[in-house]
Amino acid sequence: MTEPAKSEMKWQRKDLLGIRELSVKEIVFLLDTADAFKEVGTREIKKVPALRGKTLVNFFVEPSTRTRTSFEIAAIRLSADVVNISATASSLVKGETLKDTAKILEAYHADLIVLRHSSSGAPQFLAERLRSSIINAGDGAHEHPTQALLDLYTIRSHKRAIAGLHVAIIGDILFSRVARSNIFGLLKLGARVTLVGPSTLVPREFEKLGVTVSHNIDEVLETADVVNLLRIQHERQRKEYFPGIGEYIRLFGLTKERGRRLKPDCLIMHPGPINRGVEIDSELADGAQSVILEQVTNGLAVRMAVLYLCGGIAT
Amino acid sequence: MNALIIRNGRIIDPANQRDEVGDLAIIDGRIADPSKIRNSKSEMDEIDASNLIVCPGLIDLHVHLREPGFGWKETIETGARAAAAGGFTTIVCMPNTSPVADSPGTIGWITDRAAEIACVNVLPTGAISKDLMGEELAPIGSLKQAGVVAITDDGRCVQNNELMRRAVEYARMVGVPVLDHCQDYNLVGNGVVHEGYWSTLLGLPGWPSAGEEAVVMRNVLLAELCDHHVHCQHLSAAGSVRILREARARGVKVSGEACPHHIALTDDAIQNFDTNCKMNPPLRAKEDVAALLEGIADGTISILCSDHAPHAQFEKEVEFDAAPFGIVGLETELGLFFDILVHKNRTIELPQLVEMFTVNPARLLQIEAGTLSVGRAADITLIDPELEWTVDARQFQSMSRNTPFDGWKLKGRAVRTIVGGKTVWKL
Numbered sequence: 001m002t003e004p005a006k007s008e009m010k011w012q013r014k015d016l017l018g019i020r021e022l023s024v025k026e027i028v029f030l031l032d033t034a035d036a037f038k039e040v041g042t043r044e045i046k047k048v049p050a051l052r053g054k055t056l057v058n059f060f061v062e063p064s065t066r067t068r069t070s071f072e073i074a075a076i077r078l079s080a081d082v083v084n085i086s087a088t089a090s091s092l093v094k095g096e097t098l099k100d101t102a103k104i105l106e107a108y109h110a111d112l113i114v115l116r117h118s119s120s121g122a123p124q125f126l127a128e129r130l131r132s133s134i135i136n137a138g139d140g141a142h143e144h145p146t147q148a149l150l151d152l153y154t155i156r157s158h159k160r161a162i163a164g165l166h167v168a169i170i171g172d173i174l175f176s177r178v179a180r181s182n183i184f185g186l187l188k189l190g191a192r193v194t195l196v197g198p199s200t201l202v203p204r205e206f207e208k209l210g211v212t213v214s215h216n217i218d219e220v221l222e223t224a225d226v227v228n229l230l231r232i233q234h235e236r237q238r239k240e241y242f243p244g245i246g247e248y249i250r251l252f253g254l255t256k257e258r259g260r261r262l263k264p265d266c267l268i269m270h271p272g273p274i275n276r277g278v279e280i281d282s283e284l285a286d287g288a289q290s291v292i293l294e295q296v297t298n299g300l301a302v303r304m305a306v307l308y309l310c311g312g313i314a315t
Numbered sequence: 001m002n003a004l005i006i007r008n009g010r011i012i013d014p015a016n017q018r019d020e021v022g023d024l025a026i027i028d029g030r031i032a033d034p035s036k037i038r039n040s041k042s043e044m045d046e047i048d049a050s051n052l053i054v055c056p057g058l059i060d061l062h063v064h065l066r067e068p069g070f071g072w073k074e075t076i077e078t079g080a081r082a083a084a085a086g087g088f089t090t091i092v093c094m095p096n097t098s099p100v101a102d103s104p105g106t107i108g109w110i111t112d113r114a115a116e117i118a119c120v121n122v123l124p125t126g127a128i129s130k131d132l133m134g135e136e137l138a139p140i141g142s143l144k145q146a147g148v149v150a151i152t153d154d155g156r157c158v159q160n161n162e163l164m165r166r167a168v169e170y171a172r173m174v175g176v177p178v179l180d181h182c183q184d185y186n187l188v189g190n191g192v193v194h195e196g197y198w199s200t201l202l203g204l205p206g207w208p209s210a211g212e213e214a215v216v217m218r219n220v221l222l223a224e225l226c227d228h229h230v231h232c233q234h235l236s237a238a239g240s241v242r243i244l245r246e247a248r249a250r251g252v253k254v255s256g257e258a259c260p261h262h263i264a265l266t267d268d269a270i271q272n273f274d275t276n277c278k279m280n281p282p283l284r285a286k287e288d289v290a291a292l293l294e295g296i297a298d299g300t301i302s303i304l305c306s307d308h309a310p311h312a313q314f315e316k317e318v319e320f321d322a323a324p325f326g327i328v329g330l331e332t333e334l335g336l337f338f339d340i341l342v343h344k345n346r347t348i349e350l351p352q353l354v355e356m357f358t359v360n361p362a363r364l365l366q367i368e369a370g371t372l373s374v375g376r377a378a379d380i381t382l383i384d385p386e387l388e389w390t391v392d393a394r395q396f397q398s399m400s401r402n403t404p405f406d407g408w409k410l411k412g413r414a415v416r417t418i419v420g421g422k423t424v425w426k427l
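These protein sequence lines map, in sequence, to chains U and A. Its first residue numbered 1, the first sequence is counted upward by one per residue in this note's numbering. Its first residue numbered 1, the second sequence is counted upward by one per residue in this note's numbering.
Source of the hints: derived by calculation from the structure; they are not laboratory data. Please read all numbers here as calculations on a predicted model, not as lab measurements. Heads up, a few of these hints could be off.
[As the list claims (entries may be wrong)] Straight-line C-alpha distance at most 25 Å; calculated DSS-like pairs for lysine-lysine:
#1 U/K10 / U/K25
#2 U/K103 / A/K316
#3 A/K316 / U/K99
#4 A/K316 / U/K94
#5 U/K208 / A/K286
[As the list claims (entries may be wrong)] Some chain U residues flagged as far from chain A (calculated, every beta-carbon gap over 10 Å):
#6 K47
#7 L98
#8 K99
#9 R180
#10 R260
#11 D265
Where a beta carbon is used, it is the ideal one built from N, C-alpha and C, also for glycine.
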């Protein structure tokens, strides 16, 4: 393995709870560390001994296949031993509290716990109570830090710098942890951020975070350097938030016609899973400007970096 | 004859417009004329109240005692002790117990239990609707006969405006005031914190101010329609104050109360997901706090109370959105209000503070408490207005410790609580 990270910095955090708490230096250090790990995935033997002997628990209280798999592969490539616990299999469904379940994981001497939870703040709750490293894999509508890091990593790998870019995040912002983590990260690194979507899902209150709010996708297409489309989450939407998918596509969908008005070098991103033909046209999702699959690959490198750095702190 | 004289205190008795340094006499558990006691030759206890305030025993209009049904959070006995330690001689307990206090039998159980074990006066309220379900009226007339001082569905809110209208009409006939926890369920949804900057930042479901204001407005309309008193509980939002002010100016029979946490804290207190900052209604923005203070200053909000809501540690030590709403308040309430309203912000003068804890709630409930008139039960609170103290939750008399104020330094505290002439608590 190549020596990770040339940036001069000593990583101090045992937990990764969110992007909001990170300094610019820490974010850059994480991205630089991910750079070093990206190469590992291209080798014939895709494994380094960095976390050998460490136990990682993927504790997914809210269902997820994609993020859990990504963390699992990242951990395996670092030689950690991985256990997956899902909501239906855990004692939480039998009425055990999160605190008790977590104490039991700690009693197994889990070095790292990757937590996905439907309640905002759940990872912080664990971090305050456990010695294990807590990695937030998405909490409620709060943060999804590794998704934001992989988005930043992907942008950085295509654009020389993030500072000065105009990034449009389009869709359901209100209920999105991906949006919040991206907003915090992009603003820290100097990008200009516009949130686009219906007023019910992109309330004006977001402007206080330092972003621009727009309810008109057509006014951002021509100036955006990156468009990040969020999944319109039918399952979570109550019907009063917008009238229907048809109207959503008409007002906010990245259709073929709208795609033509993007700058030629504008990146199209999506955290997945995609609703083809809803938030994004199917061909655009697979087109030349799309970096959606790169995001997935970069996710492994970023998560390896996070596990490596935080896992090195945990005792 | 059993006699007690409290000497040299600053006697504040707003009902009698009294504010002077003097002696207060108590004979056989009742307030007496001091001249009688001076001429008496019998043995007499004395309390030196120099530099202390001597006022009618404080009333807390909004307390959850958790019994029957939730004895691991609080009992009538421990809740009453917490009240005494906070300077309260009378507490009004809410009906969201198990079973719900919606039948004369349950009211009887509470009053019997209180008579047996509580060191302060415990006045029960009854439910507005059966089982607090908001669907059918509880037997309000029978509840009144069993001794309730008011009806309320506190913790819940009757959503059906027609049912609420009939409840207010019926309560008028029976002669009990209606207290209402103002919350529109559709507007509030699954909200857990004030809808604003912090809910947006943290991704926590928002509880918009309009969810309270809409029901305060509803209550104004029904109080007018039915010509009967509706009291709005634990007001938190600026708009509620504005609606209430306008209605009271027109003579509508509505009133409102404020809790200490809604003026001591704002929604930024939730940023570390501290479940002891989760209450219903939620902590709100700076502008709301300013409006509440203004409402207190001009009399729009006429009653101060705690919304004492004990929960066990294991219940609160969970994910933020899963935690129950509410904090304990009896033992920090007077200190917080005194410190903020009288010392720090100079929102009101001392006599108005006493009035909001005594004669105002007594008038609302039409009970014989809250004054030092000769002949009344000797329920008295002695307050040291300059005492600086630090909140220590471990020392609480309450069974629960769920407070965001642990470690706060406050100025002003009750130092002795007297119920029916007997000292029930002393610092």
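Here is what the structure says about each hint:
1. U/K10 / U/K25: Measuring from Cα to Cα gives roughly 11 Å; hence the hint holds.
2. U/K103 / A/K316: holds, 17 Å
3. A/K316 / U/K99: holds, 11 Å
4. A/K316 / U/K94: Between A/K316 and U/K94 the Cα gap is close to 19 Å, so the pair holds against 25 Å.
5. U/K208 / A/K286: Answer holds: U/K208 to A/K286 is near 15 Å, not above 25 Å.
6. K47: At roughly 36 Å from the nearest Cβ of chain A, U/K47 sits farther out than 10 Å, so the non-interface label holds.
7. L98: With a cut-off of 10 Å, U/L98 comes too close to chain A, as the shortest Cβ separation is near 6 Å.
8. K99: violated, 6 Å
9. R180: violated, 6 Å
10. R260: At about 34 Å from chain A, U/R260 clears the 10 Å cut-off, so the statement holds.
11. D265: For U/D265, whose nearest Cβ neighbour in chain A is about 32 Å away, the distance exceeds 10 Å, so it holds.
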